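The opening residue of the sequence shown carries number 65 in this note's numbering; numbering runs sequentially from there.
No lab work stands behind these hints: they were computed from the structure. Treat the hints with care, as some may be off.
Unchecked claim - Below, in silico cross-link-like pairs of lysine-lysine (DSSO-like), each with a Cα-Cα straight-line distance of 27 Å or less:
1. K222 / K349
2. K222 / K447
3. K429 / K355
4. K449 / K355
5. K349 / K447
6. K447 / K509
7. K88 / K222
8. K175 / K164
9. K222 / K164
10. K349 / K428
11. K449 / K353
12. K447 / K355
13. K88 / K168
14. K428 / K355
15. K175 / K81
16. K81 / K449
17. K449 / K222
18. K443 / K222
19. K449 / K88
These figures come from a predicted structure and were not determined experimentally.
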Amino acid sequence: MEQLEQGLDQQLRELVKMPNPQGKIADYRNLVVGLVGLRFLAQRWERGLAQHVAPATLTRQLGFSLPADQTWTALVAQPETTRLFQMLAHFATEPEPFFKDLFKPVNLQSKCLGSTATARQTALRAVIAQVDDLAVSATAWGTVADQLIARFAWVMQKQREAPFYTPQAISAVLAGVIGAHTTALDSVYDPTMGTASLLLALGHQVAVDRYVGQEVDEAVAMIGRLNLLLHGVSYQQCTTYLGDVLTADQAGTQQFSAIIANPPYSVHWAANPAADDPRFAAYDKLPPKSKADLAFIEQMVYHLDDAGGVMAVALPHGVLFRQAAEGAIRRTMIERDNLIDAVIGLPANLFPGTTLPMMVLVLKKHRTTRDIFFMDASKLGSKGKNQTVLTAEQVERIVTTYRQRVDVPNLAHVASAAEVAANQYNLNIPRYVDTYVGEPPVDLKQVTQELQATQADLTRTQQAFNQMLGELADKLGDPQKLADLQQLLKKRD
């Protein structure tokens with residue numbers, strides 16, 4: 065990933081500062097990311113026209129069009145609320161599904177800009193100017209998007225807003241695990257897409273033809289779509305859906321080469337799908353209403369390509385060992401379907417919104433072995449300012465260890481099917497990986513030698529001291545004074 069120049073980095077730091085602290089930070093995030101995306105798209109349109117590309121051709125290439133009076137240049141010249149509203153509203157009428165209603169979540173009347181219309185107009189002009197001043201090279205738009213999203217995620221986390229972002233290091237672990245199986249994918253799917261950071265992370269690892277995602281939050285979905293575009297992914301490669309994937313699965317019967325996800329943790333769900341819903345009907349029990357973790361997994365398994373599709377999902381550890389319905393589902397996935405390929409434990413306090421330790425569950429269809437690879441990477445994290453972080457080297461170690469798939473003392477273990485069955489299909493990592501590191505054995509011969517050497521040093525020191533006292537006694541010529549001196553030395557000891 066391209067590093068930002070110091071000046072641009074400072075511009076982004078200033079850009080995320082909300083004009084009115086009493087406003088909603090989510091509204092301001094939507095506005096700023098929306099404006100950055102609008103500048104990127106509008107300038108591409110203007111550049112194409114400047115190169116004498118026919119409007120109809122340009123529309124096919126870019127997926128959208130812009131009226132002559134709704135360019136970025138025109139907006140910067142007259143940064144008025146009305147003009148910006150018209151530009152954003154224009155996308156509501158775009159025939160291309162990927163762009164339709166793209167900027168709908170941007171609220172120009174939000175109090176994040178100010179409490180009065182005049183204050184909002186003044187603040188909006190300033191924000192447009194800030195976005196226009198960003199000195200972004202042609203290859204840095206993706207990095208700008210990453211930095212903006214990460215900065216807003218941090219601010220929102222401090223204000224206890226709902227997390228919407230997967231840290232880059234976690235994305236790299238999930239993507240690296242899938243990348244261990246292939247160098248190219250026909251399609252990748254994220255049913256809880258968020259900002260599309262996981263889809264893009266996998267696209268950085270392997271060649272991807274098609275990106276598909278679904279997101280329940282309309283504003284976050286906008287950020288995800290813009291993020292894909294800002295990273296240089298063509299709209300023709302992308303399909304995104306809006307809605308709750310458990311109750312309104314928009315992917316239909318599609319199957320995907322790979323699935324990568326960081327779904328909401330242990331959320332409630334209705335747990336009342338239709339009796340013939342193929343996503344859940346394959347299992348005798350339904351995941352409990354209070355924990356939707358395995359419901360998400362079942363939904364993903366349904367969409368995973370039967371011809372060897374692989375998926376990596378970040379989840380809380382409870383999925384590994386909770387009993388009742390979840391225990392029965394887990395056993396079916398292992399014993400009947402041979403789906404679970406690996407379990408990778410991660411450090412605590414790594415994810416925004418929770419201090420709990422998380423893990424990566426890897427599932428694969430059409431596996432040729434029945435063993436399960438367990439890794440306890442919980443001690444690999446480094447202490448950051450406010451959260452645990454994984455360095456690039458630590459991410460690489462996790463991915464490399466997964467690729468090698470061999471026993472590593474205190475880190476990894478390949479468990480046989482019989483071993484998993486003996487543990488009653490409980491996949492709790494400590495059952496398989498012993499991370500205890502005992503004290504090194506004591507070398508008695510070495511300790512004895514060291515004691516003898518120390519005793520010899522003490523004897524020599526005492527002899528030298530006694531000699532000094534004798535010499536002092538001769539100089540003093542008074543036994544009583546010598547006795548007083550010896551008594552004083554004893555008190556100091």
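Each hint, compared with the structure:
no.: 1; hint: K222 / K349; result: 39 Å, violated
no.: 2; hint: K222 / K447; result: 18 Å, holds
no.: 3; hint: K429 / K355; result: 24 Å, holds
no.: 4; hint: K449 / K355; result: 31 Å, violated
no.: 5; hint: K349 / K447; result: 41 Å, violated
no.: 6; hint: K447 / K509; result: 39 Å, violated
no.: 7; hint: K88 / K222; result: 13 Å, holds
no.: 8; hint: K175 / K164; result: 26 Å, holds
no.: 9; hint: K222 / K164; result: 33 Å, violated
no.: 10; hint: K349 / K428; result: 21 Å, holds
no.: 11; hint: K449 / K353; result: 36 Å, violated
no.: 12; hint: K447 / K355; result: 30 Å, violated
no.: 13; hint: K88 / K168; result: 17 Å, holds
no.: 14; hint: K428 / K355; result: 23 Å, holds
no.: 15; hint: K175 / K81; result: 14 Å, holds
no.: 16; hint: K81 / K449; result: 20 Å, holds
no.: 17; hint: K449 / K222; result: 13 Å, holds
no.: 18; hint: K443 / K222; result: 25 Å, holds
no.: 19; hint: K449 / K88; result: 25 Å, holds
Checked against the numbered hints given earlier, the structure breaks hints 1, 4, 5, 6, 9, 11 and 12 and satisfies all the rest.
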